[in-house]
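Residue numbers (this note's numbering), protein chains in the order written: chain C, -8 to 299; chain A, 686 to 1070; chain B, 47 to 397.
Simulated from the structure, these hints should not be mistaken for laboratory data. Each hint should be verified, as a subset may be incorrect.
To be clear about the criterion: a stretch of chain C counts as covered by chain A if any three or more of its residues have a C-beta under 8 Å from a C-beta of chain A, and this derived list gives those stretches [to be verified]:
#, region
1, 111 to 121
2, 167 to 178
3, 211 to 222
Per label pair, the in silico range of CB-to-CB distance [claimed, not checked]:
#, chain 1, residue 1, chain 2, residue 2, range
4, C, Phe288, B, Asp149, 57 to 67 Å
5, B, Asp236, A, Lys826, 12 to 22 Å
6, C, Ser154, B, Val165, 55 to 65 Å
Note that CB positions come from ideal geometry on N, CA and C, so glycine has one too.
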Amino acid sequence: MPLVFCIIFDCIMNIELFFQYVAAGVTYGFIYAIVAIGFNIIYNTTGIINFAQGEFVMLGSMTAITLNAFMPLSLAIVLSVLITMLVGAVMEILFFRWLESPSVLRMIIITIGLSIIIREIALAIWGENVRALPYFTGNEVSSVSFAGVHISPQVLWVVGICSVMVVGLQVFFKYFRYGRQMRACAANREVARLCGINTKNMVTLSFVLSAGIGALAGCVVSPITYSQYNMGVPLAIKGFTVAILGGLGNSMAAVAGGLLLGILESFSVWVMPSAYKDAIAISIMLLILFFRPAGLFGRKEEFSLKEF
Amino acid sequence: MRRGSLFLSIVLSLLMVLGVFNWSAQASEDVIKIGAILAVTGPASFLGAPEANTLKMLTDEINSQGGLHGKKIKLIIKDSGANPEKAISFAKQLIEEEKVFAIIGPSTSGETLKIKNICEKGKTICISCAAAEKIVNPVAKYVFKTPQKDSFAVRKIYMQMQKMGIKKIGVVVGNTGFGKAGKAQLEKIAPEYGIEIVISEVYDKKATDLTALVTKLKAKGVEAVVNWSIVPAQSIIAKNMRQIGLNVPLFQSHGFGNIKYVKAAGAAAEGIIFPAGRLLVAEELPDDHPQKAVLMKYKRDYESRFKEEASTFGGHAYDAFMILVEAIKKAGLDKEKVRDAIENMKGFVGTGGIFNFSPEDHNGLDIDSFEMLTVKNGRFVLLEQ
Amino acid sequence: MRKGYLQIGILCLVLVLIDLVSASFGKTYYLTQLTMSLYYSLVVLGLVLLMGYAGQISLGHAGFFAIGGYTTAVLSTYNLMKYKDAAVVKMFSKAGLLNLREDLYGAEILSFHPWVGIVLSLAIAAAVAYIIGIPVLKLKGHYLAMATLGFGIIVYRIVLGTPLFGEADGVSDVPPFNILPGLSISGEMDERRINYYIASFFVVVMVYILINLINSRVGRALKAIHGAEDAAESAGVDTANYKLKVFILSAIVAALAGAFLTHFNGGIGPSEASVMKSVRYVAIVAAGGMASVWGGLTMAMLLNFLSLRGYFGSYDDAVFGAVLIVIMLFAPEGILRINPLKILRMSIKKS
Chain C
-8 MPLVFCIIFD CIMNIELFFQ YVAAGVTYGF IYAIVAIGFN IIYNTTGIIN FAQGEFVMLG
52 SMTAITLNAF MPLSLAIVLS VLITMLVGAV MEILFFRWLE SPSVLRMIII TIGLSIIIRE
112 IALAIWGENV RALPYFTGNE VSSVSFAGVH ISPQVLWVVG ICSVMVVGLQ VFFKYFRYGR
172 QMRACAANRE VARLCGINTK NMVTLSFVLS AGIGALAGCV VSPITYSQYN MGVPLAIKGF
232 TVAILGGLGN SMAAVAGGLL LGILESFSVW VMPSAYKDAI AISIMLLILF FRPAGLFGRK
292 EEFSLKEF
Chain A
686 MRRGSLFLSI VLSLLMVLGV FNWSAQASED VIKIGAILAV TGPASFLGAP EANTLKMLTD
746 EINSQGGLHG KKIKLIIKDS GANPEKAISF AKQLIEEEKV FAIIGPSTSG ETLKIKNICE
806 KGKTICISCA AAEKIVNPVA KYVFKTPQKD SFAVRKIYMQ MQKMGIKKIG VVVGNTGFGK
866 AGKAQLEKIA PEYGIEIVIS EVYDKKATDL TALVTKLKAK GVEAVVNWSI VPAQSIIAKN
926 MRQIGLNVPL FQSHGFGNIK YVKAAGAAAE GIIFPAGRLL VAEELPDDHP QKAVLMKYKR
986 DYESRFKEEA STFGGHAYDA FMILVEAIKK AGLDKEKVRD AIENMKGFVG TGGIFNFSPE
1046 DHNGLDIDSF EMLTVKNGRF VLLEQ
Chain B
47 MRKGYLQIGI LCLVLVLIDL VSASFGKTYY LTQLTMSLYY SLVVLGLVLL MGYAGQISLG
107 HAGFFAIGGY TTAVLSTYNL MKYKDAAVVK MFSKAGLLNL REDLYGAEIL SFHPWVGIVL
167 SLAIAAAVAY IIGIPVLKLK GHYLAMATLG FGIIVYRIVL GTPLFGEADG VSDVPPFNIL
227 PGLSISGEMD ERRINYYIAS FFVVVMVYIL INLINSRVGR ALKAIHGAED AAESAGVDTA
287 NYKLKVFILS AIVAALAGAF LTHFNGGIGP SEASVMKSVR YVAIVAAGGM ASVWGGLTMA
347 MLLNFLSLRG YFGSYDDAVF GAVLIVIMLF APEGILRINP LKILRMSIKK S
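Using the sequences and the hints, build the whole thing.
Next up, the structure:
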């Protein structure tokens, strides 16, 4: 308890620092949220948790960096998102489409295997070097100041693009034909199929979509965090934590979960050694799994009907 | 079904044993076998990859000149991926099976410490490319190392701080063996130079954003920051410091000696001060500097063959290999005599400095092997005193 | 039962044959990697029971392996010399728990006897498995996978972040383990063959336990859990209890393997606790056909042996990734269940 008071006191004394932490947390929160939404899209149509979700983020940013050598930044990003979508589609068609009612265990193992293979291929192509896209505006040292808080302009890009993505997805699922068909699949695959929806195509589409948003997130965050062949796994674990924090399958809740985790992680550095920063996400994940597997915003009854 | 699989198991396991015999290449006695255990892939590949390249290059060079004492060198590189258990397996393989003349590597301290005793008992020379002082203290008869001692780097930094009048510093390190060893030395030596460490933090080696950490440093009002790591995070910390407006001098370890990190940090790298071997500023050295010729040659050869900039890490492998070659040239092909020759080697000019080995010192470098460098216009330059 | 003895007999024969063949070719050095592979096989055998029979995936078994290895490593290397006059240390010494030795460089080291380390390793692993097993095993599918993964990562973080465990360097200079006078687990060249047989002994015992367990009431209950947990429960099988017991057993075996391999290698590093290691164990179990003791054992020996000898070069992880995908896509029953004749017949029919 006295510790909590200390922190509150510290915050009041140091309102600038407080916002500095919030800014750092929000940047990360949005990236986690996007990865979590990627998990959700695939989970909703297939019931699979795609352990290779983080690899989409890596592929997107690495491809964009390579392409950026030959073309302007914006074009490189667009192309890399398209390429990653293609990878997502190929992955689904090659490894999932033709399997008939595989067990969950089999699915878990296949996606883990894919994650390793994609990572190793990336290592063979790009090597172990750390790379980065250039800052969209300004450079490494430029910062925007709000009332004493310094943040990199790239943070604004991350927040902006991710918000647009979240809103865009909502619109897609609500008002577009394919979006609605995907939601129908999520609600009940059998019934959707009986209504004449090609559920197999919907599954492919869900892989494409989640590869696309992962890739775009990878591109916007690359100037801040850098890209490396092995950046996917930690992101996948945090994304999964966020996904279950909000309740698996619920995209808007994932955004809230993402921001919560990002800010918690960022503030954790204030009170404890930063070596344990990663432990926060894992502990939250375990706590949620043990005590509230339906997530903070999910209902227990609804949850018990789901298969996972 | 069950019986079938049992039968198959037996066949497979026997095939395994027999198959392996055929795979092992016929050993020809006309070569000098030199083993290398390097982390070519995995988390320490930024060390192992340039080291492996360097060794391949040097082996080709020596063999094209006719080898040593009329024998060609056969280089056996084993990729441990920085796994100690593999390093152990490979060390035993190289010593007992391949009967190598000497082992170069491993790349990391953890692996070297695991195989130190194996080499000692197997009476095989091991020249490590890892930094930890424990590798040569206590001195093992057959174990040497080429990277400079961490404590010298720390002293160099603190001497510079004294000149700049810095008293209160923050220390941040990555959670690798390198970071761990650096932190211990930084904390141990600070009082000798009247420097107070007001905050000391460890971050994850895969950290991708350290804004929260540098914010903490800022709150403590440090006059300078020392970052000790060999991972990409050292560029990130530079960037994040400038972004939040923490404009105090940033000191890095000799692990910063790779131009890739400067590129990654971009404008934020300007003005970073760090100690390093002279390889990075080879062009700037005066022509009469004893190391100039060696450094320029290594740099030119490496860069023209592998199309990437030479790093000090590759240089450690260069030193290890050339020390061995020098000793073989001098003492012939007897392991014991070569070992003695290394132990008594004086004035060997390598990329890391001038080596003077002795029975008590199996590293052979002194504090002058470091030079203080800084970054100017995206390039490494000597720090003007 | 008799069939079980026959199989065990064949296993012993094969193990002896491997030794004799390598000895007669004068290539006993293969036994070093074979011994290491045997210890890793123990972990795999535990997982075969957990994954194949009880149907519970674990992505955290490297964590148990590391708990075993690190516990005994720390206890047998931590030098108590400077506390040797403290009352507690004297008490330990009187109880015969301590061991005084001299290292290669002449320093005197007073540390716990490896027996203490081994016993504590197993006890700690069992306790941890019990504590985390209760909540974790309530989960299913993806959640179970993630929870065990989380456990694995926590163990990895702890060994990487704690000075006592050597942080990134791990623990070195672990002494040999004298089980009986004249019989010790160590990596010394002249004790290679005996060590191969020690490791073989543990594997044979483990296989014996597994075969008996699988063919007993417990085995049938486990199969029921795997097939349909709810149905098994309503038929009166105490599923939670069985799952927990199997989980603890596999954890203890993993810890035992970790502890012995650490003495054999003379050290342990954080890579033994990494997630990739856990995934590798799962890959091996999958390649062996999940619920197959023989398949798991063969694959564990084969893949680990090749990996430890460096045949996969820089593609080590990629090989395991590929094994996972290929097996799960084309042969979820395991490699050994592929019937070449059947495939041939099928392809002839097709053409």
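Structure versus earlier hints, numbers of those that do not hold, lowest first: Hint 2 alone not satisfied by this model.
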